[in-house]
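Work out the full structure: start from the sequences and follow the hints.
For the sequence shown, the residue numbers in the numbering used here are 82 to 335.
Calculated from the structure, these hints are not laboratory results.
Simulated restraints on C-beta separations:
id	residue 1	residue 2	range
1	A185	T232	27 to 33 Å
2	G158	G264	50 to 56 Å
3	F314	A106	30 to 36 Å
Quantities reported herein were computed from a predicted structural model and do not represent experimental measurements.
Just so it is clear, CB atoms sit at the ideal spot from N, CA and C, and this is done for glycine as well.
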Amino acid sequence: MTVHLVGAGPGDPELLTVRAMRLIATADVIVHDALASDEIIALARPGVELIDVGKKPGNPTPQDLINTLLVHLGSQGLEVVRLKGGDPFVFGRGGEEAEALLQAGVPHTVVPGITSAVGVPAAAGIPVTHRNVSPAFTVVTGHREKGGASTIEWEALAKVGGTVVILMGVAERAIIARRLMDGGLAPDTPVAAVRYGTRAGQTVVRTDLAGLGAADISAPSTIVVGAVAAFDFSPPASKSGAAATAAADRKADR
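Pasting the structure below:
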């Protein structure tokens, strides 16, 4: 019947859109990635077929295989939810999947979700823009294909101003920090890395650009670079509860 490319948001089930929740609850098949939380998948009806196609380190599912799977399932008269963390069209390769479905003549819809580029910093009390501090923000991927070079001009990006939000950048963080500093960003530029944003296990590591490479940061984390990364406008209750904040040593291993 129809393949629905559904954004699952940053992880908290309460941040799902009403439409996303309805589709998850009525789907025949859910094809999900590694960033779709267990709590969200648990909203599916009993007996639903769950297919994990998450791109895990060392065991990735090729995108061509995912495209073929969606076309096959959509051609079987099934209601299919392709559940993707964040928003399907923000570094989610949803465009490639939509293109494959269009070419195969399989009906599809796109259900936007809250992108982690905005939702995760917000959950940590970090606004990506702030009057008189950051008039703009840029969202980039820190991921590069195996054996390939990054296509991001980090030195040029350093001159744009505002906030830089980096998704999938944990592994390359030392290189990214060096290139941003080479482009003119000050070594003491504030940085925050939010792991499992909006979830019960959320943690925040705060450091600066010079200390980013040595900071104790694990994937999946959203990295925020810029003056706003020093802010914490989260409610007092969340600061003492699930969103534990870990302070990184700014002088470590410089």
